Amino acid sequence: MFDLKCKREGCKFNSFCNCNAHHIDVDKKTDCTTYTPSENPNKKEEDKIPHKLVREDTKVTCKADCLFNDGKKCLANGITVATNRNNPACQTYMPR
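Numbering (my numbering), first residue to last: 1 to 96.
By construction, these hints were calculated from the structure, which means they are not laboratory data. Heads up, some of the hints might be wrong.
Stated by the list, open to error - Here are the computed lysine-lysine pairs in the DSSO-like style, where the Cα-Cα straight-line distance is at most 30 Å: (1) Lys63 - Lys12; (2) Lys28 - Lys63; (3) Lys7 - Lys63; (4) Lys28 - Lys59; (5) Lys29 - Lys5; (6) Lys59 - Lys7; (7) Lys72 - Lys59; (8) Lys59 - Lys5; (9) Lys59 - Lys73; (10) Lys5 - Lys72; (11) Lys5 - Lys28; (12) Lys29 - Lys12; (13) Lys73 - Lys63; (14) Lys59 - Lys12; (15) Lys7 - Lys73; (16) Lys28 - Lys72; (17) Lys28 - Lys12; (18) Lys63 - Lys29; (19) Lys73 - Lys12.
Unchecked claim - Label pairs and their computed distance ranges (CB to CB): (20) Asp3 - Asn84: 14 to 20 Å; (21) His23 - Ala82: 15 to 21 Å; (22) Gln91 - Thr36: 18 to 24 Å; (23) Lys59 - Lys28: 15 to 21 Å; (24) Ser38 - Gly78: 21 to 27 Å; (25) Lys28 - Thr83: 17 to 23 Å.
This one's a predicted model, so the numbers in the text were calculated from it and none came from an experiment. Glycine included, every Cβ here is placed at the ideal spot set by N, Cα and C.
Input sequences plus hints: build the corresponding full structure.
Right under this line is the structure:
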């Protein structure tokens, strides 16, 4: 996975709008179930890229009926997670 953007404020794994989780899980409704509230409830992150974009060790599991889903593995070059319906959700979702 190349680019993992997270625009969900208050997430433990959001680091300057880059996701630093080692594994991301997206459910059938495209919600990011890896979301974990930050210990700092007022945490807000500016969109910066303080580290390299390529993170080969990050795996994205996906259960959504998405064009990028291949056997529950995301094949997209990158994903963006943002708030949708009050939940963090994959914005890269494309229906088959």
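Against the structure, the hints come out as follows:
no.	hint	result
1	Lys63 - Lys12	holds (22 Å)
2	Lys28 - Lys63	holds (5 Å)
3	Lys7 - Lys63	holds (21 Å)
4	Lys28 - Lys59	holds (17 Å)
5	Lys29 - Lys5	holds (19 Å)
6	Lys59 - Lys7	holds (19 Å)
7	Lys72 - Lys59	holds (11 Å)
8	Lys59 - Lys5	holds (14 Å)
9	Lys59 - Lys73	holds (8 Å)
10	Lys5 - Lys72	holds (20 Å)
11	Lys5 - Lys28	holds (20 Å)
12	Lys29 - Lys12	holds (21 Å)
13	Lys73 - Lys63	holds (8 Å)
14	Lys59 - Lys12	holds (17 Å)
15	Lys7 - Lys73	holds (22 Å)
16	Lys28 - Lys72	holds (10 Å)
17	Lys28 - Lys12	holds (22 Å)
18	Lys63 - Lys29	holds (8 Å)
19	Lys73 - Lys12	holds (23 Å)
20	Asp3 - Asn84: 14 to 20 Å	holds (19 Å)
21	His23 - Ala82: 15 to 21 Å	holds (19 Å)
22	Gln91 - Thr36: 18 to 24 Å	holds (19 Å)
23	Lys59 - Lys28: 15 to 21 Å	holds (18 Å)
24	Ser38 - Gly78: 21 to 27 Å	holds (23 Å)
25	Lys28 - Thr83: 17 to 23 Å	holds (18 Å)
When held up to the earlier numbered hints, the structure conflicts with none and fits them all.
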